[in-house]
Amino acid sequence: MGFIGSLIVGWVIFPMVLYSKQAQPMNFDHALHMDPERVFGIDGDTETERCLFCHAFRDDGTFAGIPKLENCTQCHDDPDMPLGESEEEQAFLNEYVADEKEIPWLSYYRQPDCVYFSHIAHVNMGQMECGVCHGDHGQSEILPPYEENRLTGYSRMIWGKRISGFKENTWDRMKMDDCAECHTEKGQEQNNACFVCHK
Amino acid sequence: MKLDRRNFIKLMVGGAVGLQVTPLPWKITDDIAIWTQNWPWVPVPAEGAYDHEASVCSLCPGGCGIEVRKVDERAVKVEGREDYPINPGGLCPLGMGSLQLLYNEDIRFTGPMKRVGPRGAGVFQNISWDEALEILSGRVNVLRRDSRPEAVAAIDGNPVESTASLLIQRLMQTIGSPNYLRVPSFEDTDRMVNLLMQGVDGPVAYDLENADFILSFGCGLLEGWGAPGRILGLWGKWHDRENKRKPTVVQVESRASNTASKADQWVAAAPGTEAALALGIAHVIIKDGLYDREFIEQKTFGFHPWNAADWKEHQGFQGLVLSEYSPRKVQDITGVPAERIVSLARSFAKAKAPIAIWGKGKGDLNGSLYESMCVHSLNALVGNINKPGGVLVLDRLPLKQLPETPLDPIAEAGLKKTPVGAAAGEDSPFAANLLTRFNEALSAGGPSPVELLMVFGANPAFTMPDGGSMRRALKAVPFIVSFSPFRDETAFMADLVLPDHMAFEKWSEIIQPRGVQYPLYGLGKPVVKPLYQTQDAGETILKLARRLDKAAPEAFPWKTFEDIMAYRAEGLFEAGAGLVRYKPAQPPWSWKPFAEPAAGFKSSKDMWQKIKASGLWYQPLDHQRAAMTTFKTPSGQFEFYSTRLEMKLKDLNKAPSSDLVCMPHYAPSSPPSDSSRYPLAMVPYDMVNLVSSWLPNPPFLNKTLLPEQLLKDASYAEIHPDTAKAYGLKQDDLVQVESVAGEVRVRVCLFEGAMPGVVYLPFGLGHTAYDEFSRNKGVNPNDIIAAGADPLSGLPVWWKTPVQLNKV
Ligand code: SF4
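Chains as they are written, first to last, in our numbering: chain A, 348 to 546; chain B, 201 to 1008.
Hint data in this document are derived by calculation from the structure and do not stem from the laboratory. Please note: incorrect hints may appear among the correct ones.
Derived DSS-like pairs: lysine-lysine, alpha-carbon spacing no greater than 27 Å straight-line [said to hold, decoys possible]: (1) Lys-546/A to Lys-903/B; (2) Lys-546/A to Lys-368/A; (3) Lys-415/A to Lys-270/B; (4) Lys-600/B to Lys-854/B; (5) Lys-850/B to Lys-832/B; (6) Lys-227/B to Lys-514/A; (7) Lys-270/B to Lys-546/A; (8) Lys-759/B to Lys-437/B; (9) Lys-850/B to Lys-600/B; (10) Lys-550/B to Lys-546/A; (11) Lys-512/B to Lys-854/B; (12) Lys-587/B to Lys-854/B; (13) Lys-448/A to Lys-270/B; (14) Lys-508/A to Lys-448/A; (15) Lys-850/B to Lys-725/B; (16) Lys-729/B to Lys-508/A; (17) Lys-368/A to Lys-227/B; (18) Lys-415/A to Lys-448/A; (19) Lys-415/A to Lys-277/B; (20) Lys-522/A to Lys-729/B; (21) Lys-546/A to Lys-810/B; (22) Lys-725/B to Lys-759/B; (23) Lys-552/B to Lys-792/B; (24) Lys-277/B to Lys-802/B; (25) Lys-462/B to Lys-552/B; (26) Lys-810/B to Lys-759/B; (27) Lys-415/A to Lys-850/B; (28) Lys-552/B to Lys-448/A.
Ranges between beta-carbon positions, derived for each pair [unchecked claim]: (29) Asp-971/B to Asp-427/A: 35 to 41 Å; (30) Pro-243/B to Ile-351/A: 42 to 48 Å; (31) Pro-491/A to Ala-914/B: 46 to 52 Å; (32) Asp-382/A to Ala-785/B: 51 to 57 Å; (33) Ala-914/B to Glu-417/A: 31 to 37 Å; (34) Lys-514/A to Ala-216/B: 23 to 29 Å; (35) Glu-417/A to Met-828/B: 52 to 58 Å; (36) Gly-388/A to Asp-306/B: 45 to 51 Å.
For every residue, glycine included, the Cβ atom is placed at its ideal position computed from N, Cα and C.
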């Protein structure tokens, strides 16, 4: 009885209690925005190049992360002239574009502050595709709810969706061991030294 | 199932075993580890784009080049600029902590306010700018309509030549009040020394970079003296192991300050006797024939005896010094052994490029005029004026003057009235108004002659070394308007607050950083957008001027405050000289031919744009050698006897009572108190990590104070163990330091570096305003300084106050 009870607690109740769930402020359809037919100027040979159209590097090489409203308004510039027909877009125009208000996105992939991570080192020098760490997020139509670990304040995506911690794909988890595993596989073991990331 | 003991244990054991095969314990352990590394209450800057803004710091007259690191719009760090000649790469502690003065609603005003609580309590209510300006202009207009414009007064703490200061003077002229008062500062002393001895009305310029013997009369080189960014950097260079030309630094100071303890020699003269020491040194130099004969014979006046036109015989500097200041006599006055004076004089005179410098502590406050003249006469004796490593005669920067202020009849009449703080006669012939006199007049009782007082860039209720007389004067004024960005002591007395931007939100000039030897104009730019509803004080003045009725509108033809700064900078363009980029390989203080010619600017506008981008206009020494040579005294020489002063006194019908009045000499300050009642001396001191100016102290800096400087709310007085013994005091004992002006309560810190018989208190503590980190921390030595008047300048004597110690 105790055994079974604790299994239920550990596998089912615990994850429910540990993570809080929050919807994003609005939906964003990645698949639609990655379509060169619909988004002017987003052509590019690889998917990564298309991701970088919005998730760009700044001039100094730092990664801009989640785009600011000014990226959106390069196309959605007139609150009275939606580009599509969805209600979502209209709400976005009314609420954010018209008021020039930033969208308070919740970041699925923010690493702890004690971790230094350079996107440009991985994407440009390491020639890695975005999907290696972020999976097929770029093809999604719906933004999943953001789940936050109540104890650490970090996104569930860092530990990984699966509470067991096991992974099948490279993008399933983003813990230190996962970084190290990949560095080792690629013959970059020197990058597993502490101060490379914990500066 | 029955829950008996056996089953209960089974349940527990099963549960415990079961838990091990769930992720719960492992995940919890991991999360707790992460939680401890990232406590959510530890502040971390927001994510965003990194950016650097190059600017100039205007928080002190040093004007360092700064680079502000920003994440999006948030400034996160201030660093020193490598491409700026003042402070290559370095900063002082205030500069480092300065962002705490920007992002702190507890010490800043966030918009215009009017007072609703009692005076001094700091309880205000938000109002609009329109209402605020209406209240102020309404009051000024009423006084002008009543033909009483002189009932308006202004206290100005902005640097003498700054555009803000000129604009405030212009406002006062337009209103028609002669009651424009400046907070006493080093600028007063330096300009007077320059005027009397060298004939120029410019700042004092020390070529420290090229000096090889620095004789400092109490200058806190490591405590933030001069342009602190420059001096601290220079000190580092002097002490660099690679440096083969390390100069000798001699510190004359009664207390073992940081500078004294790190100098090559420390000479502890009794406080207030430094002038005698300087003249004792002069005695040896003259007697041993070590002075620069060529310079003395050809370029000076008043060294030898002479007969004036009226056949009056004058003894001359040489005679005075030889008869009155033998090393023995000076030993008796200063306590410095005669042999030490002799050897110091010899090594000073024999150095290649010796320089004697003045200005006590940070050098923010005025000094003793005669003492500074005594010190400067050493520079003349060794002929090190306008030579490498000496004192250079610099004119003011060639900034354009503002056009004459047009006056209406009310203003004309008002300006002819006698100022409330009028200085008079032989006591202070060159000062028009004195703040100390103003205070006396206001606190004398009876109806206040001033009905409306405006305070700009100053916190005199805290910084005036006057035993609290400023505060008493403020209480007597019916209506006070503060333009301070900060919730300081003076602003807490105000009825209306029109807050200025903090320095990093506006354009601000540094017109010739203090003590720097080549012409330099620095311009700080807004590095962040204004955070609150504050307004540049310059803009506020322009807006106020437009609301004054009947006053000539053409007095303020400019649209914005920046237009006025640009207008004045046209003078730099017209001078046809200057550079706007600094390359570390070509220091402007080098006496070698400067490779680069003056930059050709297309127009003054072009030059202004470039100054705005670089924050800098300067002229290397080599470009202005020709301008450096002449003394502009009436005799055209360096004057050991000031003929200008003599003429001035005659004009005032107060012919000098003796030759001494016009010459550097030592006179013991006559304490306005009974020496048996107050047998000890209190000497205040400055610390580099504690702000003592009108600005608040960044709370970070409190963390750098030692427990024997500030423990909880109590600050300490440093006294020598012998003094402590005589008074039966131990470390940490609570004592009352009492003077004629008042008393303060502190703890005792036994310090071998203190001179016996002297009590040392630090400047910068004892605020009663700002936030919890500053309020009621320690005591303010200004509260017990019984401000006598320094002869000739009339400014407060703050460097020595007779006191008594009473054990509590
Ligand atoms: S020395 Fe003066 S100008 Fe330089 S950083 Fe410090 S406060 Fe600013």
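Against the structure, the hints come out as follows:
no.: 1; hint: Lys-546/A to Lys-903/B; result: holds (25 Å)
no.: 2; hint: Lys-546/A to Lys-368/A; result: violated (32 Å)
no.: 3; hint: Lys-415/A to Lys-270/B; result: holds (17 Å)
no.: 4; hint: Lys-600/B to Lys-854/B; result: violated (35 Å)
no.: 5; hint: Lys-850/B to Lys-832/B; result: holds (20 Å)
no.: 6; hint: Lys-227/B to Lys-514/A; result: holds (15 Å)
no.: 7; hint: Lys-270/B to Lys-546/A; result: holds (20 Å)
no.: 8; hint: Lys-759/B to Lys-437/B; result: violated (45 Å)
no.: 9; hint: Lys-850/B to Lys-600/B; result: violated (33 Å)
no.: 10; hint: Lys-550/B to Lys-546/A; result: violated (53 Å)
no.: 11; hint: Lys-512/B to Lys-854/B; result: holds (17 Å)
no.: 12; hint: Lys-587/B to Lys-854/B; result: violated (37 Å)
no.: 13; hint: Lys-448/A to Lys-270/B; result: holds (21 Å)
no.: 14; hint: Lys-508/A to Lys-448/A; result: violated (31 Å)
no.: 15; hint: Lys-850/B to Lys-725/B; result: violated (47 Å)
no.: 16; hint: Lys-729/B to Lys-508/A; result: violated (42 Å)
no.: 17; hint: Lys-368/A to Lys-227/B; result: holds (18 Å)
no.: 18; hint: Lys-415/A to Lys-448/A; result: holds (10 Å)
no.: 19; hint: Lys-415/A to Lys-277/B; result: holds (23 Å)
no.: 20; hint: Lys-522/A to Lys-729/B; result: violated (39 Å)
no.: 21; hint: Lys-546/A to Lys-810/B; result: violated (38 Å)
no.: 22; hint: Lys-725/B to Lys-759/B; result: holds (19 Å)
no.: 23; hint: Lys-552/B to Lys-792/B; result: holds (17 Å)
no.: 24; hint: Lys-277/B to Lys-802/B; result: violated (36 Å)
no.: 25; hint: Lys-462/B to Lys-552/B; result: holds (22 Å)
no.: 26; hint: Lys-810/B to Lys-759/B; result: holds (21 Å)
no.: 27; hint: Lys-415/A to Lys-850/B; result: violated (73 Å)
no.: 28; hint: Lys-552/B to Lys-448/A; result: violated (66 Å)
no.: 29; hint: Asp-971/B to Asp-427/A: 35 to 41 Å; result: violated (47 Å)
no.: 30; hint: Pro-243/B to Ile-351/A: 42 to 48 Å; result: holds (45 Å)
no.: 31; hint: Pro-491/A to Ala-914/B: 46 to 52 Å; result: violated (58 Å)
no.: 32; hint: Asp-382/A to Ala-785/B: 51 to 57 Å; result: holds (55 Å)
no.: 33; hint: Ala-914/B to Glu-417/A: 31 to 37 Å; result: violated (54 Å)
no.: 34; hint: Lys-514/A to Ala-216/B: 23 to 29 Å; result: holds (28 Å)
no.: 35; hint: Glu-417/A to Met-828/B: 52 to 58 Å; result: holds (54 Å)
no.: 36; hint: Gly-388/A to Asp-306/B: 45 to 51 Å; result: holds (48 Å)
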